[in-house]
Each structure stands twice: as structure tokens, then as C-alpha cells.
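Asks: Chains as they are written, first to last, in the numbering used here: chain A, 10 to 253; chain B, 9 to 464.
Worth flagging that the hints you see were computed from the coordinates, not collected in a lab. Built from N, CA and C at the ideal position, the CB exists for glycine as well. Incorrect hints may appear among the rest.
Claimed, not checked - Here are a few chain B residues that sit away from chain A, every Cβ distance over 12 Å (derived from the structure):
no.	residue
1	L62
2	T87
3	I96
4	R97
5	H98
6	M99
7	Q140
8	G163
9	A183
10	G188
11	G212
12	N289
13	Q413
14	Q437
15	Q442
Claimed, not checked - Footprint (simulated), chain B over chain A, 3 or more residues, beta carbon under 8 Å:
no.	stretch
16	49-57
17	86-99
As the list claims (entries may be wrong) - Capping the alpha-carbon separation at 30 Å, the derived lysine-lysine pairs in BS3-like fashion look like this:
no.	chain 1	residue 1	chain 2	residue 2
18	B	K425	A	K16
19	A	K11	B	K462
20	A	K200	A	K246
Each chain is listed here by its residues.
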Amino acid sequence: MKDPWLKLRAFTPARIALGRTGTSVPMDEVLRFRLAHAHARDAVYSLADIAGLQEQLLALQVPVQVLHSRAADRHEYLQRPDKGRRLDEVSAAALSAIGGTGNEVVIVIADGLSATAVNRHAVPLLQQLLPMLSKAGIALAPVCIVQQGRVAVGDEAGALLRAKAVLVFIGERPGLSSPDSLGIYLTFQPKPGLTDEARNCISNIRPEGLPYKAAAEKAFYLLSEALRLQLSGVHLKDNEQLLS
Amino acid sequence: MGYSCTIKHVTYRFDSLGELLAKASPFRSGDALAGVSAGSYEERVAAQMALADLPLGTFLQEAVVPYEKDEVTRLIIDTHDAAAFAPIRHMTVGEWRDWLLSDEADTLALQQLSPGITPEMTAAVSKLMRNQDLISVARKCQVVTRFRNTLGLKGRFSTRLQPNHTTDDPRGIAASIVDGLLYGSGDAVIGINPATDSPAVVVGLLNMLDQLRQQFDIPTQSCVLCHVTTALQIMPQAPVDLVFQSIGGTEKTNASFGIHLSMLQEAYDAALSLQRGTCGNNVMYFETGQGSSLSANAHEGLDQQTCEVRAYAVARHFNPLLVNTVVGFIGPEYLFDGKQIIRAALEDHCCGKLMGLPMGVDVCYTNHAEADQDDMDNLLTLLGVAGCNYIMGVPGADDIMLNYQSTSFHDALYLRKVLDLRPAPEFEQWLLKQGIMDEAGNQLQIQASHKLLKLV
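Working from the sequences, and respecting the hints, build out all of it.
Replies: Next comes the structure, spelled out in C-alpha cells:
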């Protein structure tokens with residue numbers, strides 16, 4: 010039984026006017042929903058394409074460090090957010106050995122809840138962002154790829170590299186309509202133990218959401234402001250009217 | 009003070025009441041994350057055995073969070089009704105579980121008991137209960153509340169129409185409201201989670217909702233789920249039916265939500281003074297959920313279910329129209345899978361009802377939890393049998409703003425049909441008048457000329 014208000018779908022992406030059979034959802038919508046959930050589930054269990062990312066980053070002449078959090082696998086990652094926020098011993102030692110001058114900015118790419126998002130969007134986003142950083146004379150530490158990483162893992166990576174600021178590219182929690190949204194989190198003077206109020210976030214980066222160029226401009230703006238004002242988080246206001 | 013239980017040659021000791029409660033809790037990921045759960049299956053049962061032997065009076069003598077440092081503890085102790093407690097004061101927790109399941113504990117006895125029980129003793133007894141017990145006991149409770157209609161009557165089952173939109177677009181929201189109303193949803197409340205807490209946006213949405221309600225003479229209430237401080241600020245110029253707030257079971261949790269009890273009292277008094285209810289004056293709407301205290305690092309060493317039931321003591325102080333536990337929203341680090349979500353929901357519903365609250369449940373999950381629509385169907389059906397007051401109604405179960413899956417308008421119709429439940433009586437009459445539902449409770453075919461379809 011169809012609903013005579015299909016035209017209302019023009020006003021919202023919500024699943025309205027689905028029709029019904031008895032009181033139940035018709036077959037086509039049941040399968041459409043199930044497919045969307047399947048995409049979201051597959052995204053949660055997707056793996057970062059380390060070889061592919063390394064190859065593409067090297068082509069951009071970007072040095073890369075591949076790291077791992079203390080969460081051994083996805084099962085542990087999902088239940089122990091504390092472990093996903095910290096680097097494992099080998100990774101921490103590798104970054105300590107590299108160190109830094111205290112002047113670099115570090116970009117961390119973490120799989121988060123959707124490696125699919127990282128695999129699809131991290132490199133195209135960097136292709137937009139890197140020239141802006143280079144033109145502004147902002148020095149970069151090696152790009153860190155962290156497997157089983159949460160946002161706060163960037164704080165430890167940034168601290169070990171003595172970075173002035175960290176940008177974490179991370180796969181966001183998949184929604185039914187967006188299994189591959191990428192987020193960027195900015196933290197000035199990263200160190201372990203910081204919480205969300207110390208960060209600025211740019212969300213929903215994907216071609217159907219916030220496009221790469223706009224996201225890169227926003228990230229560059231926030232980073233420049235953080236370096237100028239020497240802070241990030243709730244006190245760093247987004248006064249640029251790029252996205253409103 | 010310590011507690012212990014010996015099984016064969018092993019004596020398990022529990023240094024505090026909080027530790028005993030935590031170790032007696034059925035396993036869930038959040039308690040493991042907090043490091044408070046039992047170390048083995050045997051230790052869990054040992055804790056449950058020790059808990060079963062504990063006199064209920066113990067809970068009035070030992071606070072799980074010190075009285076001096078926590079205003080929720082002070083509220084629990086200071087408002088305890090000793091006369092109402094008298095019928096069970098000689099019992100242990102285990103004896104109380106048996107009594108709750110006995111025929112003696114009927115609807116009236118449970119209603120009279122509720123001011124006499126504390127959240128900790130309620131949490132304790134629920135930890136000893138199987139899912140079946142949680143359903144049996146909850147089903148005997150009846151908590152009826154009123155604003156513009158009557159919610160919680162036996163044989164009734166209501167829904168919050170939740171028409172959220174990614175950018176708070178009024179036409180997009182209105183489209184989802186019309187969809188929901190034509191599917192018989194919205195008797196508990198039409199409640200929007202705004203994408204922003206901006207007072208101007210909230211006022212705009214409240215005006216839109218109020219106009220819609222008056223235009224179609226809908227016997228329900230509306231709410232925009234903004235922060236309590238925003239509600240207080242806009243109340244003089246906006247049609248606020250219900251004051252919403254997320255609450256937790258410790259002072260520190262509530263501080264993380266930016267609230268104190270005095271703030272809730274101020275908002276409660278202000279909303280009462282508006283006198284907008286026509287059937288009654290229950291003006292508050294609270295949301296809770298296991299894990300919120302730990303997530304704010306404010307759990308005070310307690311397990312997440314004990315924290316949750318303490319939040320119900322906060323809720324009950326303000327005679328709410330609606331309380332719901334948003335059970336699967338918080339994610340797998342607190343409730344890992346369908347089994348844990350279902351158990352937690354049944355606990356929350358039963359404990360809330362025992363405490364005298366009009367409990368609804370947001371039957372829901374996120375995409376990183378080990379759960380799917382089948383788990384939600386199971387939970388929905390169990391809650392219907394348990395006599396849950398209401399669930400959410402979200403178009404196609406997909407909340408496009410909050411990015412999680414809740415229950416659909418269709419889900420509520422399914423439950424009403426298989427369990428022979430009806431909407432709130434005033435709303436049922438309205439649905440009949442609108443030609444949306446027939447006397448037998450069947451959904452009618454809607455014509456393109458229906459006046460609600462002219463709204464958007």
C-alpha cells in the first residue's frame with residue numbers, strides 16, 4: 010500500500026512515505042535499509058589499505074610512519090576506547106627516535122570507525138591541503154598512519170614528535186547514509202590526556218558532504234588561527250564564514 | 009564495612025556496597041571498561057549470593073557515594089519515605105525479589121511502595137532478577153501521567169514522534185511530523201532534537217509545533233529537546249509545554265551536563281507556572297542511559313546500572329510526564345551487543361517503574377554495536393509485554409540527524425497489533441476523527457486529499 014505523500018520526500022532525506030503492507034514495511038524498503046546497514050557494518054570492520062596509502066603518499070613526496078594503537082584488533086578497539094587512544098610500545102619508540110624540532114605540524118591518519126573513509130578520502134584531501142601548508146611555510150613531520158586509532162592517539166603522536174599542532178584525519182562513525190565520512194580534529198600543543206574541549210572538528214568530509222577543497226581550506230584556516238593565537242578548542246572560534 | 013561469600017574453599021570479599029553491586033551485575037562492556045566488574049563467573053555469582061542475603065536496611069545506612077560530596081545522594085536520603093518502606097524493611101534483597109514476584113505484590117502494593125525504595129536497593133534487586141522477572145514485575149506496575157492526554161494506562165502504548173532533521177529545516181521537520189501522525193504516532197510527545205542549541209532556532213521550532221498542534225487540535229504535547237538553561241531563557245516568549253533535560257545519577261555526571269538539582273527545580277517551577285496542561289500537570293521530560301556517568305568520568309567507582317537507577321531518583325523528584333532510557337545510543341564500549349542492550353533496557357524499564365517513573369525506552373543501536381533490526385524487534389516485543397509506556401517513532405527507524413537507528417512508526421503499529429494495545433485514549437479519539445485509524449485499531453488508507461497533507 011503506497012502513501013499518497015511521496016512528494017514530501019522533497020523536503021527531507023528522512024525515510025518518509027514508505028508505504029506499508031499490513032502494518033509492516035514493504036520489501037523494497039526492508040532491503041534498502043538492510044543494504045545501508047550492511048555498508049555501515051562493512052565500514053566499521055574495514056581495514057586501512059596501508060600499502061596503497063603509503064604508495065600514494067610517497068608519490069606526493071611525503072614521508073610516512075605506519076603505527077599501531079594498543080588495541081590489538083577491532084574487537085578490542087570497540088570495547089576499549091582507552092587502548093585506541095594510545096600508541097603501542099613499538100610505535101611510541103619509533104616516534105621518540107624521530108623526535109622533532111618543536112616547529113613542525115603533524116598529520117595523523119587514523120582508521121577510526123571507518124577505514125573506508127580514510128582509504129577513499131585521506132589522500133585527495135592531502136592533495137588539496139599540502140600545497141597550502143607548503144606555501145605558508147608550515148613544516149611537516151612525517152605523516153603517521155595509525156591502525157586501530159581513536160582521535161586522541163594524535164595527542165601522543167604529536168607529543169612524541171614535539172609537534173606544535175596535530176591534525177587527525179579519522180573515519181567517523183558510519184551512519185546509514187554515510188559509511189565513509191572523514192573527520193579532521195585539530196589540537197594545538199598536543200599531549201596525552203587532553204579532551205574534546207581542546208580540539209576543533211571538521212566533520213562529514215566526502216564528496217556528497219563537505220568536498221575536499223572546502224575541507225582543506227577550513228583545516229588550513231583553523232590551523233593558521235591556532236598557530237597565531239597559540240590555542241585550539243572551544244576558545245578557537247570559527248569566524249571564517251566558509252561553511253555556515 | 010565489608011561483605012563476603014564463601015564458595016567451597018574460596019572466600020570472596022567485597023570491600024564496599026558499591027563494589028558488591030558492581031560485581032553482582034550481569035556482564036556488560038562498560039563495567040569491564042571501568043574495571044569494576046567481577047573477575048570470574050564464580051565471583052559474580054558469589055556477589056549475587058552475598059547481595060541476596062543483604063538486609064534492605066543496609067542501603068539506608070551505607071551510601072555508595074558519600075552524602076557530603078554528592079547532592080544526588082542527599083536527595084535520595086533526605087526524601088526517603090520510611091512509612092512507605094515499612095512493609096519490606098525486614099526483608100533481604102533476595103526475599104524482596106521473591107516478594108516482588110508474588111501475587112501479594114500487585115499494582116497497588118507496588119505503587120504504594122515506590123516512595124519507600126531507594127535507587128541502590130532497586131538496582132540491587134534487579135541484578136538478582138532474570139529477564140523474565142524484570143518483565144513480570146514491570147508489567148504489574150502502572151505509572152500514569154497527564155499533560156494534554158493520559159499516558160501509561162494498562163492496555164495503552166504510546167510513541168514520541170521524533171522528526172529530527174540535519175539542519176532543523178522547518179519544512180523537513182513538518183514532513184516527518186505529517187508522516188508520523190498519519191501512521192498514528194505522537195501521543196507521548198512530538199519531540200525534536202535540534203541540531204543546534206541556539207535559542208532562536210528552538211523558539212522557531214516551538215512556535216511551529218504549537219501552531220500545528222492548535223491548527224489540527226491534536227491532544228498531545230510538544231518539546232524541543234534543548235538544554236534546561238535554554239528552556240528557562242526562552243520560556244517567557246515561547247510556548248514551552250515540557251522542559252527537557254538529560255540527567256545522570258551522580259552530582260559530577262549532572263555537572264558534566266551543565267546542571268544542578270536547583271536548576272531543575274527552577275525550571276520545574278517555571279514550567280508549572282505556565283499552566284499549559286489541560287489533563288494534568290506533569291511538565292518534565294528526562295532522558296537517561298547506562299554509561300553516561302563513566303563517559304563523563306563521573307561514575308564514582310560504581311557500575312553503570314547503579315548510576316542509572318540513581319538518575320531515576322533525580323527524575324522522580326520532579327514528577328515527569330516522560331522518562332526514557334536511550335539504551336543503545338551510547339555505543340559498544342558500554343553495551344556491546346544486542347544481548348547487553350536488551351538486558352540493560354529491561355533493567356532500566358523495570359527499575360524506573362518500581363521507582364514510580366513513567367518509563368519509555370529508546371529501543372536503539374549504533375552502527376558500531378553488534379546489533380541489528382532483529383535485536384530491536386526482540387527488545388521491542390519484550391518491552392511491549394513488560395508494559396513499557398512508550399517508545400520513539402522515527403521515520404523508517406533511521407534518525408538522519410543523530411545517526412543511529414531507533415524504532416519506526418511501523419514498529420509501534422506492529423506492537424499495538426500483536427499485543428492488542430491502543431494509543432493514549434484522547435489521542436485515539438483524535439486518530440478516529442481524522443480517519444487515520446478505525447475502531448478496531450486498524451490503520452486506514454489515507455487519501456491524497458487528507459487535510460494534514462495540505463500542511464507542508
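Asks: For each hint, tell me whether it holds in the structure or not.
Replies: Hints, one by one, checked against the model:
With 12 Å as the threshold on Cβ separation, the claim that L62 of chain B sits away from chain A holds: the shortest Cβ distance comes to roughly 30 Å. Residue-level check passed: T87 of chain B sits 34 Å from the nearest beta carbon of chain A, beyond 12 Å. In this structure I96 of chain B is separated from chain A by more than 12 Å, as the shortest Cβ-Cβ distance comes to about 37 Å. Listed as outside the interface, R97 of chain B is consistent with that label: its C-beta sits roughly 40 Å from the nearest C-beta of chain A, beyond the 12 Å cut-off.
With a cut of 12 Å on Cβ distances, H98 of chain B stays outside the contact zone with chain A, its closest approach being about 42 Å. Non-interface status of M99 of chain B relative to chain A is upheld: no Cβ of that chain comes within 12 Å, the nearest being about 37 Å off. The beta carbon of Q140 of chain B sits about 27 Å from the closest Cβ of chain A, which is more than 12 Å, so the claim that it is off the interface holds. Listed as a non-interface residue, G163 of chain B keeps its Cβ farther than 12 Å from every Cβ of chain A; the least gap is roughly 18 Å.
Not every Cβ of chain A is farther than 12 Å from the Cβ of A183 of chain B; the closest lies at roughly 4 Å, contradicting the non-interface assignment. With a cut of 12 Å on Cβ distances, G188 of chain B falls inside the contact zone with chain A, its closest approach being about 8 Å. Residue-level check passed: G212 of chain B sits 16 Å from the nearest beta carbon of chain A, beyond 12 Å. Listed as outside the interface, N289 of chain B is consistent with that label: its C-beta sits roughly 33 Å from the nearest C-beta of chain A, beyond the 12 Å cut-off.
With 12 Å as the threshold on Cβ separation, the claim that Q413 of chain B sits away from chain A is violated: the shortest Cβ distance comes to roughly 7 Å. For Q437 of chain B, the requirement that its beta carbon stay farther than 12 Å from each beta carbon of chain A is met, with the minimum near 20 Å. Remark: the non-interface label on Q442 of chain B is consistent with the geometry, its nearest Cβ contact in chain A lying 14 Å away (cut-off 12 Å). Coverage of the stretch 49-57 of chain A by chain B holds in this model, with 4 residues showing a Cβ closer than 8 Å to a Cβ of that chain against a need of three.
For the stretch 86-99 of chain A, the stated coverage by chain B is satisfied: 5 residues place a CB nearer than 8 Å to a CB of that chain, which reaches the threshold of 3. Only pairs whose Cα atoms come within 30 Å are accepted, and K425 of chain B paired with K16 of chain A is accepted, the gap being roughly 29 Å. Proximity of K11 of chain A to K462 of chain B is assessed by CA-CA distance (about 18 Å); at most 30 Å being required, the pair is judged to hold. Between K200 of chain A and K246 of chain A the alpha-carbon distance is near 21 Å, which keeps this suggested pair within the 30 Å criterion.
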